[in-house]
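Generate the whole structure from the sequences, applying the supplied hints.
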Amino acid sequence: MNLTNSLLIKLRGNSITTSFLLHSNFSTNRSMLHKITNLNHALNLFDEMSQRRPLPSVVKFTQLLHLVTKMKHFSSSLHLFNQMCSLGVPVNEYSMSIAIKCCCQLHRTKDGFALLGSCFRRAIPPNVYIFSALIDGLVLEDRILDAEMLFKKLIKQKLCEPNVVMYNTMIKGLCKFSNNVTALALLRLMEQTNCKPDIFTYSTIIDSLCKDKLIDDAFKLFKEIVCNKSILPDVITYTSLICGLCKFGHWDEASKMLKQMEDENISPNVHTFNVLVDAFCKEGKVEEAEAIINIMIDRGKVPNIVTYNSLIDGYCLRGEMIKAREIFYSITLRGLVPGVVTYNSLLNGYCKNLNIEKAVQMFHEMTGKGLKPNVVTYNTMIQGFFRVGRFVDARKLFDEMHAQGQNPDQYTYRIVLEGLCNNHQVEEALSLFHLMGDSKLNSDIVVYNILINGVGKCGKVDIARVLFQGLIDKGLQPDVRTYNVMISGFCREGQLGEAKLLFLKMEESGCPPDDVTYRVLLQGYLKNRHYDDVEMLLQEMDDRGYSLDASTLSLFIDHIAAGLLDRSMLKLLGKLVPKELLNDPRLCDWE
DNA sequence: ATAGGGTTAG
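Numbering (UniProt numbering), first residue to last: 1 to 591.
Calculated directly from the structure, the hints in this document are not laboratory data. Keep in mind it's a predicted model, so treat the numbers as computed, not measured. There is no bait here: all hints are sound.
Below, in silico cross-link-like pairs of lysine-lysine (DSS-like), each with a Cα-Cα straight-line distance of 27 Å or less:
hint, residue 1, residue 2
1, 396, 372
2, 256, 213
3, 176, 282
Derived DEER-like restraints, expressed as beta-carbon distance ranges:
hint, residue 1, residue 2, range
4, 185, 431, 41 to 47 Å
5, 86, 428, 50 to 56 Å
6, 153, 54, 39 to 45 Å
7, 542, 226, 40 to 46 Å
8, 294, 92, 50 to 56 Å
9, 400, 255, 42 to 48 Å
10, 182, 528, 46 to 52 Å
11, 428, 226, 53 to 59 Å
12, 298, 143, 42 to 48 Å
Glycine included, C-beta positions come from ideal geometry on N, C-alpha and C.
Below you can see the structure in the form of structure tokens.
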């Protein structure tokens, strides 16, 4: 054994593989590559291969490069590519497409394009593999317009013949930005060419439609493939549809789909079951989730870490932290490893249940285990600190987040603004907002809703008005919440006329009022002893099938008891009381 | 005889 090899053993600590490599006559055939199961194996093999004389063929090196890429070790793969280059292994379109893919997946599409430049210098004609990787990279960096431009340019200038994968990559990008219309148009375009859409094309769009709650459109597309019969739906297609149904709480239809797929001889996989488990847990229906887990085990599928992460979420949502913790500790016993997502779920649970001390303890436990907190972790903790009024600690963590190289995202910004508003620091929130200027973060309707709500709550309805006009000027669309917080602000200041005007504007702006709008407006009217429209509003609520919440109802009872409102209103009110409130003892004696 | 695509976390 030479010095280099013994050093390798020490460095990479995998003597079994290395000795195996040394005693196998250095062959790098397919069966050899099969035995590579982790990065160390692959790196050891690469080192060994590069010492052989003559050097193994480009093909062997590329196979290994591919393997490392498939393990998602993109930066290692890029490093090996560079080493291959310095060894003098000739670069071809195969290794080049892998290298470009790696750059793109590392969010370094710029470097991918630099490699594209070197393709031209090396007389390697870039092909559809390379261009697809670049389009994918642009999409990954949210540069959808650049991706579209490149895609169109390639077709127009006939720089490469697009194939189904390239179309699918572009369609995936469009779907990422909810541009289902263009995605569908591309699918129709494909039908006109000899590059027919496949199950990937359909699944991508079906999934996107489900995510955008366009479940009927998703099923229309699904029926198309079922009738067509030339493309068969697979487990992923079904899983996406089941996921869409679950998000709507259409449990019966979801279980019908599960049955239907099994009738078609498509077995649901762990992912399919996880979608169901997750949907139940998000509704706090942990019993149902546990039942699904049992079915999954009966079918011979082993629940994985994702399954348990959902279950933890479910128990946290119900505030059953002891149970959540129990699941958390059972993970290790099952031979699974809790990841950042697992910790994030539990941290979220502790924060939402206002046990910030426990959250802090778990946060330290996670970093102690070498897990790197991500942006979700920081957002969760920052929100947790704000919730209990510890805004100084929130600020500290926000700074630490920067220091740890985790870039705040749109959620961080929302959390900080909301946290400041709720901690009586509206001025601070406003100056942060102004500091951000016209950035992308400030083109978020949720941010406006938070601020309008914040300023409204401290009576600064004039500032709310300016903010509202500002978002309109920016071309942003106010949503129901925007209107609700504005109306609430007006009501609080007794500006009922303004409130009513905005309320009437909702319908004509294509944003019909929801139950909250009615509750806010009714409370405003009652508190200001302005009863003219009350009966009409209650009637409208009934027509729309809305119900009253406990606090509005209680306000009504007070007003009736004080003789301010006529008892004839009771009948209408009775219709608007949801079943859960009917058991309220205070309501028993007013019939 | 070496490259590419679709389903789950705040």
